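A.B. asks: Quick mapping for you: the protein sequence lines, in order, are chains A and B.
Numbering follows our numbering, with no gaps: position 192 of the first sequence is 192.
Numbering follows our numbering, with no gaps: position 326 of the second sequence is 326.
There's no promise every hint is true.
A pair counts as met if it fits within one copy or between any two copies, since identical chains are not told apart.
[What the hints assert, rightly or not] Restricting the straight-line Cα-Cα distance to at most 25 Å, the calculated cross-link-like pairs of lysine-lysine (BS3-like) are:
(1) Lys44 / Lys189
(2) Lys44 / Lys294
(3) Lys169 / Lys7
(4) Lys7 / Lys211
(5) Lys189 / Lys211
These aren't lab readings, by the way, just hints derived from the structure by calculation.
Computed from a predicted structure; not experimentally measured.
What follows is the residue order along each chain.
2 protein chains.
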Amino acid sequence: MSTIIFKQKPRIIGWYSVAGKKESQGPLRETFSRIVTDEYFGEKTHEMAERKFFVTAIQGAIQSAGVQPDIVFAGDLLNQIVSSSFAMRDIGLPYVGIYGACSTMALSIINAATYVDAGLVQTTVAAAGSHFATAERQYRTPLEFGNQRPPTSQWTVTGAGATVLSSAKTSSIGVTCATIGRVVDYGIKDVNNMGACMAPAAADTLERHFKNTNTQPGDYDAIFSGDLGQIGEEALRDLMKEKGYPLGENYYDCGKLIYYGEQKVDMGGSGCGCSAVTLNGFILDKFQQGEYHKVLFMATGALLSPTTCFQGESIPGIANAVVIEEVTE
Amino acid sequence: MSTIIFKQKPRIIGWYSVAGKKESQGPLRETFSRIVTDEYFGEKTHEMAERKFFVTAIQGAIQSAGVQPDIVFAGDLLNQIVSSSFAMRDIGLPYVGIYGACSTMALSIINAATYVDAGLVQTTVAAAGSHFATAERQYRTPLEFGNQRPPTSQWTVTGAGATVLSSAKTSSIGVTCATIGRVVDYGIKDVNNMGACMAPAAADTLERHFKNTNTQPGDYDAIFSGDLGQIGEEALRDLMKEKGYPLGENYYDCGKLIYYGEQKVDMGGSGCGCSAVTLNGFILDKFQQGEYHKVLFMATGALLSPTTCFQGESIPGIANAVVIEEVTE
Numbered sequence: 001m002s003t004i005i006f007k008q009k010p011r012i013i014g015w016y017s018v019a020g021k022k023e024s025q026g027p028l029r030e031t032f033s034r035i036v037t038d039e040y041f042g043e044k045t046h047e048m049a050e051r052k053f054f055v056t057a058i059q060g061a062i063q064s065a066g067v068q069p070d071i072v073f074a075g076d077l078l079n080q081i082v083s084s085s086f087a088m089r090d091i092g093l094p095y096v097g098i099y100g101a102c103s104t105m106a107l108s109i110i111n112a113a114t115y116v117d118a119g120l121v122q123t124t125v126a127a128a129g130s131h132f133a134t135a136e137r138q139y140r141t142p143l144e145f146g147n148q149r150p151p152t153s154q155w156t157v158t159g160a161g162a163t164v165l166s167s168a169k170t171s172s173i174g175v176t177c178a179t180i181g182r183v184v185d186y187g188i189k190d191v192n193n194m195g196a197c198m199a200p201a202a203a204d205t206l207e208r209h210f211k212n213t214n215t216q217p218g219d220y221d222a223i224f225s226g227d228l229g230q231i232g233e234e235a236l237r238d239l240m241k242e243k244g245y246p247l248g249e250n251y252y253d254c255g256k257l258i259y260y261g262e263q264k265v266d267m268g269g270s271g272c273g274c275s276a277v278t279l280n281g282f283i284l285d286k287f288q289q290g291e292y293h294k295v296l297f298m299a300t301g302a303l304l305s306p307t308t309c310f311q312g313e314s315i316p317g318i319a320n321a322v323v324i325e326e327v328t329e
Numbered sequence: 001m002s003t004i005i006f007k008q009k010p011r012i013i014g015w016y017s018v019a020g021k022k023e024s025q026g027p028l029r030e031t032f033s034r035i036v037t038d039e040y041f042g043e044k045t046h047e048m049a050e051r052k053f054f055v056t057a058i059q060g061a062i063q064s065a066g067v068q069p070d071i072v073f074a075g076d077l078l079n080q081i082v083s084s085s086f087a088m089r090d091i092g093l094p095y096v097g098i099y100g101a102c103s104t105m106a107l108s109i110i111n112a113a114t115y116v117d118a119g120l121v122q123t124t125v126a127a128a129g130s131h132f133a134t135a136e137r138q139y140r141t142p143l144e145f146g147n148q149r150p151p152t153s154q155w156t157v158t159g160a161g162a163t164v165l166s167s168a169k170t171s172s173i174g175v176t177c178a179t180i181g182r183v184v185d186y187g188i189k190d191v192n193n194m195g196a197c198m199a200p201a202a203a204d205t206l207e208r209h210f211k212n213t214n215t216q217p218g219d220y221d222a223i224f225s226g227d228l229g230q231i232g233e234e235a236l237r238d239l240m241k242e243k244g245y246p247l248g249e250n251y252y253d254c255g256k257l258i259y260y261g262e263q264k265v266d267m268g269g270s271g272c273g274c275s276a277v278t279l280n281g282f283i284l285d286k287f288q289q290g291e292y293h294k295v296l297f298m299a300t301g302a303l304l305s306p307t308t309c310f311q312g313e314s315i316p317g318i319a320n321a322v323v324i325e326e327v328t329e
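All chains should be modelled from the sequences, with the hints used to inform the complete structure.
C.D. replies: Okay, structure coming up:
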């Protein structure tokens, strides 16, 4: 059984998002806990800035929860997930490094919830983030190169988000179940078309989730994918229709929500930070405001590396889904 | 509390190790499940070979357990942990990517045990691996460059190991508790001296583990560190003496166990595969033979990336420890 049901329904007791300048010019600007317009965040390099976004998000979430956590689960896109690891030098707590590419926010929440559900610890933090400049440099070309972006490309979100989970029943927002992703590869090799690489994995996870939980897309107030972008979203809608679970108007992609079309982001936002700042702002705020009662949050990842692309490999995808809902008991 | 106590004591019901040629010439040769002397494992690139070591270890462990697992937890040293992710294309099971650098074998076992302990799933697999040629290429220089190795360097183990954990009480080898690592950085910047980078993290984890569990080094049949090598082992012994927990003759380092001195490996073995093949062979075999009843298995990792080194950063370390012991009920 690939869907896990959390017996204790770990509660979300705090969250925080910190986003960059471009994100602050998009539709979600009011929902971020903090905006940092300096792409260097006062640091010498973009890599150090990414790290500072992480530290800011984790510390902000801990402060909003008001409880000292036992373990932090975090990951990012940089090689050897150094943004998370170096951020944890400053945080000083036990740390589990998670990697699910852009699905990391969902994957870290699933792991953070599992430790709480097992009764092994009381409080955990899940975090993920990304930075436009570091991702371009590592996966494509440094910004100074001035490369032209193909129309299928997506814009890596600069920002980080963190969620605090707890065994204490002090919040009515609970994590109730999760479907862990399988690696799915449809043979796509275009490094500038991540949406197409990830959509098949998203469809695989959604189908298993609906089957295992005996639910339909309409049973959720909203279903979010992480960063499929326009092409990926359309592909997912097609695939889900074929599978007998057509997605309706309650389905959104964080990559499409985060920017306006006129911001020149091609197919939309991407990166671990995309779903991380959308969850830890827009989505969780709506629970607090009573607008959402049950949400399926699914983040998707493309499991490539520059080396695998250079060696002619196709790009496998993965998608991790977690149900966040209002719980009463 | 940074040490977690597993209530259900998840059982180790299967394991498998596959190691390369150099490893097959070392003292542990008889303990590997399989030896592959071709460094390409019949593939076109070393990266594809590393992946095949992974698939072989995971499939071998599943076969030895005789049970289909629910989730696989795996990680490796290559950028974007592509060896694990691409291997999971072939395995087809739900997959959680874990990154703890060379501490990944311990970290993946801790996560695999937690999911079983929580009662969320019945059977999980933990896996880790590495390859000498891919690690040299990524972290240092490609082998064709013919770089001279400094005397403090270590030799990345070619091999992979996998462990199957279960809620079924069909084995008497249980995972009883674990201490999750914190990121510790003593400011060392020498990319050719991993032992010195990791020893402070190892000491931090060991001290917390002994304090939290109210045990002493002598309470274990054996204590293993992952790949500190000669310098790191000496540093750890010094640090633990200072902390009031001197390590005795029951302490071993997998990096020192795996090769003979005359194999020209400088300070010893390293890489995720080092502790992975030692655990899933030598150590677990000794449980089966009744020689070990309680072991503290601690794998250590250096959380660097080539980019952080180029940017002048120091190298943070982490160490994750897990207790494996004979359980009766």
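A.B. asks: The structure should be examined with respect to each hint, and the outcome stated for every one.
C.D. replies: Hints and how they fare:
1. For a Cα distance limit of 25 Å, the shortest separation of lysine 44 from lysine 189 across copies, 19 Å, qualifies, whereas the shortest one inside one copy, 34 Å, does not.
2. In this assembly of identical chains, lysine 44 and lysine 294 lie within 25 Å of each other by CA distance neither inside one copy nor across copies; the values are 42 Å within and 48 Å between.
3. For the identical chains of this complex, lysine 169 and lysine 7 are neighbours both inside a copy (13 Å) and across copies (22 Å), given an alpha-carbon limit of 25 Å.
4. Taking the shortest alpha-carbon separations for lysine 7 and lysine 211, only the intra-copy value of 19 Å comes in at or below 25 Å, while the best inter-copy value is 31 Å.
5. With identical chains, the CA atoms of lysine 189 and lysine 211 are never at most 25 Å apart, being 30 Å at best within one copy and 51 Å at best between copies.
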